[in-house]
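S.K.: Each chain, letter by letter, is given below.
Protein chains: 2
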Amino acid sequence: MSLVIHKYGGTSVANAERVKTVAKKLVDLKLKGDDVVVVVSAPAGMTDELINRAKAISKNPSKREMDVLLTTGEQISIALLAMAIHELGHDAVSYTASQVGIRTTSQHSSAKITSIDTCKIKEKLAEKHIVIVAGFQGVTANNDFTTLGRGGSDTTGVALGVALGAKCVEIYTDVDGVYTADPRMVPNAKKIHEISYEEMLELAATGAKVLHSRSVELAYKNNIEVHLRSSFVDSLGTLVKGKVDKMEEAIIRGISHSEHEARISILGVPDEPGIAARIFNHIAKHNINIDIIVQGGGIGDHNDVTYILKEDLYEEALKISEEIAKEIGAKGVEGTKDVAMVSLVGVGIKSNSGIAAKIFDAFGKENINIDIISSSEIKVSCVIPQKDLKKAITALHERFIEGKN
Amino acid sequence: MSLVIHKYGGTSVANAERVKTVAKKLVDLKLKGDDVVVVVSAPAGMTDELINRAKAISKNPSKREMDVLLTTGEQISIALLAMAIHELGHDAVSYTASQVGIRTTSQHSSAKITSIDTCKIKEKLAEKHIVIVAGFQGVTANNDFTTLGRGGSDTTGVALGVALGAKCVEIYTDVDGVYTADPRMVPNAKKIHEISYEEMLELAATGAKVLHSRSVELAYKNNIEVHLRSSFVDSLGTLVKGKVDKMEEAIIRGISHSEHEARISILGVPDEPGIAARIFNHIAKHNINIDIIVQGGGIGDHNDVTYILKEDLYEEALKISEEIAKEIGAKGVEGTKDVAMVSLVGVGIKSNSGIAAKIFDAFGKENINIDIISSSEIKVSCVIPQKDLKKAITALHERFIEGKN
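Listed in order, the protein sequences are those of chains H and A. First residue of the first sequence: 51, per the numbering used here; consecutive thereafter. First residue of the second sequence: 51, per the numbering used here; consecutive thereafter.
Think of the hints as simulated: they come from the structure by calculation, not from any bench. The reader is advised that the hints may include incorrect statements.
Any copy will do: because identical chains look the same in the list, a pair fits if it lies in one copy or spans two.
[Stated by the list, open to error] Think about it this way: if two alpha-carbon atoms lie no more than 25 Å apart in a straight line, the pair counts; the simulated BS3-like pairs of lysine-lysine are:
1) Lys-70 with Lys-113
2) Lys-293 with Lys-441
3) Lys-113 with Lys-178
Please construct the entire structure, taking both the sequences and the accompanying hints into account.
M.R.: Here it is in structure tokens:
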């Protein structure tokens, strides 16, 4: 007998048939003698529907009230899943985050879990109930409802795993694992069977949408394995863990990408201490999220500071950058939309020099111009024209994953 | 400055435009300097939609989980209404029953409010917020979600009025008051400006659906006035209160009716003490609600016991009655569907003899056969064939309200 924690995303509970399928799977586990805790998201489409209701009333609704509104989605899922399990003749009980004491910070729409009171869950597990918990949501010390932001249900799943002392959390979704590249872009992409936390974090941070960074961070910090797998196909997925088996070792684990990015350069920034901090503090104050920063390329005692961000924030960021450029005495600002970012991720990068040279070679053969290149210990990201994205991913996949030349 | 409590039903918050209209009304009150507390129901149609989702999974869903599911409806309304008030530049904060401590008994789907913790509401009123509370729902001592049953939001409104020491609770709905009869049946029906608690209770109990009995009982017990009025038309509605002004005095206050009833008679019941109790305990055990009981009409030491109930419970009730008839040695059971009930209600009935005679006279002229007649201090109910209902209401309205002959 062991403790099993499953998390099901919105597509897995989108309608009555799918809810019943999930219920069946949970009951089978229960019959094997496991203690079962399950986290569910809102039914697919419901969150958008609720957002539309809000938008019909206010262009900029209060974040507190948005959280009151959106937390209804998972509440619907947990009740329906409990009913489906009852229908199969087994005990199940549903809890919202407030009922089960998932305490968070008070930043509405992006709260962080601070603690989980597991008393009630343990009590119900001991009574042989399947315990169903609403994902994505939390409650502040003041009993206000919060949400955890994009991918929040994954984080709920892992946090429950930590609180209950589970070894592994299984995250069921509409894909059957993490791939070496987006299979829609690269038909040859292969499923990754095992991946380290660090690699998964870099993939997620650079565009792989399949698992949210925060849940991986939490798993990393607490050394819980995350098994990402399909709720529709019964196969092993991708295991995210601390050390990857030797068999699975590779220089490059996978290739992620991010479309519809924009680049903004502040030109001729005076080379003074603290000036980059001033620029990015100013931008952060406007809640603009930045994907990459590159500094350098200026002349003499002036630098160019370049950053990459989502295209839809471009106009606002350009205006803000012009303000700050004036304030700090920079020469000017220029930017462009229609860029994309492609990243190579793998722990092997640490010990392999010459990766950048190989990238330049691969892109050169395909006539792809690299706008910016930025690297960390286990990641190399290239900013390229949006139109060349597919070509670029394919070239990198052939060179680094398939081993072609 | 005074405390104002409004309650809005589902049709009043059915869509964004209506939510905005309610918000405007509340802000106007606030600008007059009042403290404003508002209770809202789920948007019209949403509860049915949620029930359909449950029915697609289970024919007989757990009541606990139904309450988890259904309480999302009001939670959506409170968030949207708060946003609409913010949009008008005013402070508002929304609370579910669990957040504001509306404690109830643990009978899921028909819980009773046991206490309300008003701390948070008072604190927010002091900070000049409009306080929005989800109607229809509560939470048990064990933090399980409950619902209060049909008309539960009215009860939430009145209970908040009691807890906060309000003099009056205004209940906004899609009709503009209580009428002397259903205006769809009797075009001459007039709005009742004032009505006593007892009369309102009898009207509600005998079929007037406009205000739920439990909210009136609660108002009665605590002597809070209930003002029932339209959210669409700006006019005075019906004031439910302790003593009705002399000006408003009438023998008959109004006529209620109830369609699609059925009659079941247990014939030849032995005339022994406690036998009626045995019959109706047995029926109550099957959760069958009875509208009227009449005993009498038998011969010698045998009685006939007749009761009226909703038509959709007829088959089940007939079976149960046959069981109990056998058990107690009654002669048999007979029954009929397609009956209706029409009731005259008014405190004047107490002191007026001859009301029954006038009813027989009025019905006689219209050739309407009275199957059963049952009266209390302030009410006379007649069971008649369903097909004669409209004719019967019209005849009684002309005779007792319009004063025609």
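S.K.: None of the hints should be skipped; say for each whether it holds.
M.R.: Here is how each hint holds up against the structure:
In this homomeric assembly, Lys-70 and Lys-113 come within 25 Å of each other (Cα to Cα) only across copies, at 19 Å, whereas the closest approach inside a single copy is 33 Å. In this assembly of identical chains, the alpha carbons of Lys-293 and Lys-441 never lie at most 25 Å apart, being 32 Å within a copy and 84 Å across copies at closest. Taking identical chains as interchangeable, the C-alpha atoms of Lys-113 and Lys-178 lie at most 25 Å apart only when they sit on different chains, with a minimum of 19 Å there against 38 Å within one chain.
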